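Chemist: Chains as they are written, first to last, in the numbering used here: chain H, 1 to 194; chain Y, 1 to 232.
Note that these hints are calculated values from the structure, not bench results. Nothing false has been slipped in among the hints.
No more than 25 Å apart at the CA atoms, straight line, and that leaves these computed lysine-lysine pairs for PhoX-like: (1) H/K33 / H/K72; (2) H/K93 / H/K136; (3) Y/K35 / H/K179; (4) Y/K34 / H/K179; (5) Y/K8 / H/K179; (6) H/K81 / H/K93; (7) H/K77 / H/K93; (8) H/K69 / H/K33; (9) H/K171 / H/K81; (10) H/K33 / H/K81; (11) Y/K8 / H/K171; (12) Y/K34 / Y/K8.
For clarity, every value in this text was computed on a predicted model and none was experimentally measured.
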Amino acid sequence: MTRSPAINKDETTRDDARLIRAFLDGDEIAFEKIVRRYRQMVYFAAIKMVNNHDDADDVAQKTFISAYKNLKGFQGKSSLKTWLFRITMNYSKNLVRDRRRHVGQEVEENTATYQPDIQQRLEKAEQRQSIALALKSLPPRQREVFHLRAQQDLSYAEISEVIGCSVSAAKVNYHYAVKALREIFAPESAVMKG
Amino acid sequence: MIVMECEKFHDQIIEYSEGELDESARPTVEEHLKKCPQCARFLSDIGQIQESFTFEAPNPGQAYFDSLTNRVMTQVRASKEDTRIRRAIRWLTASLWRPTAVLAPVAVAVAAALYILAGNVVPDGFIGEDDINAIASLAEQYSPERMLGFAPISLNEENTNFTDEQFDSMASVLYASRDDAEGVAEVPDAYNAVSNIDPGAGVYSSSYSELSEVEFDKLHEHLVKTMDSWVI
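For reference, chain H alone in the conformation it holds in the complex (with noise of 0.2 Å):
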């Protein structure tokens, strides 16, 4: 797992810091071009905590939507991506809570599982259960933090902005889970560990 390197970020901080600047001044057409620039990376965080289509689409409306009334807010202590991933996470997990409390679905808030081919689906359906089943088992920050290293594909970096915590703790509590997820589904070889 290769993560391409941040070489334009600091250009793409700069231009957010632009459109945001025009937006406030009036400029509906700013927003219009975060939304452009955003869109993808809101629908696909959106579509792995809910894991389906519809929903993934009514998380990525409410998202922009509450962007647009809380711009004026936004004080940039964090990058407009993040922020923006904050509110995904935030409008996907309540959804899930509620999916979970109203309907009684069994979704796997942290589990892949969107898979358009029936028979693929019944194919992982087992693995898909042991991999729910090892996420649950880790202590919350670190399932979180897997959530969105392995998942979300989000640097520690913004790992940290997005839980508000370092970006040595992002990295330890990720490194936990990947060797607590080890002795899980490797067993026989962590017992080597001693």
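Chain H is already provided as a structure; the job is to place chain Y on it using the hints.
Modeler: Chain Y alone, transformed into the frame defined by chain H:
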């Protein structure tokens, strides 16, 4: 013991598997991986774990993302109108507390504003019978009849957050309603909405009145409720 020594490498191996290990540390880790089967196995295991948790959602495609953008922009524009309506309502309802600032057709103006800003704008300023009926009906809905006998205030651009175009449209509706109420009366609903209040004195009677706090709150609640039912 070699296993304990290996554990020291595990964090670096995780970083290595992600391609994030510092350049200077790489040779040592690679060297260790070559001679240590347990760590090579560790690398392979965590690679598989990371792989199995990776989730590539199907891409819904450009058309979907364009549609998402359009829907978001449509909604934010509607919410902008919503804000404008809320401001107008706040101003108009707040003015009810000023005895001299209460206008006879305030309710009609509010109704007109809501009607226009809800998307029924009349671009050429022409006010049809249907428009009048709709506005009168709205005015009747949320205006206690006694409100409509109040004294006039100047309703101008400075008092509102409307654009010029919106203000003009609203003013057109207001004047058309007034004309109807003053005698043309071809639209019974519009006429009734304003003239029943003070049949003797007409719409611009200067009979003052104040609403109680309870009445004010009730009216405000009703206005917001009416508005909310129109906003997406």
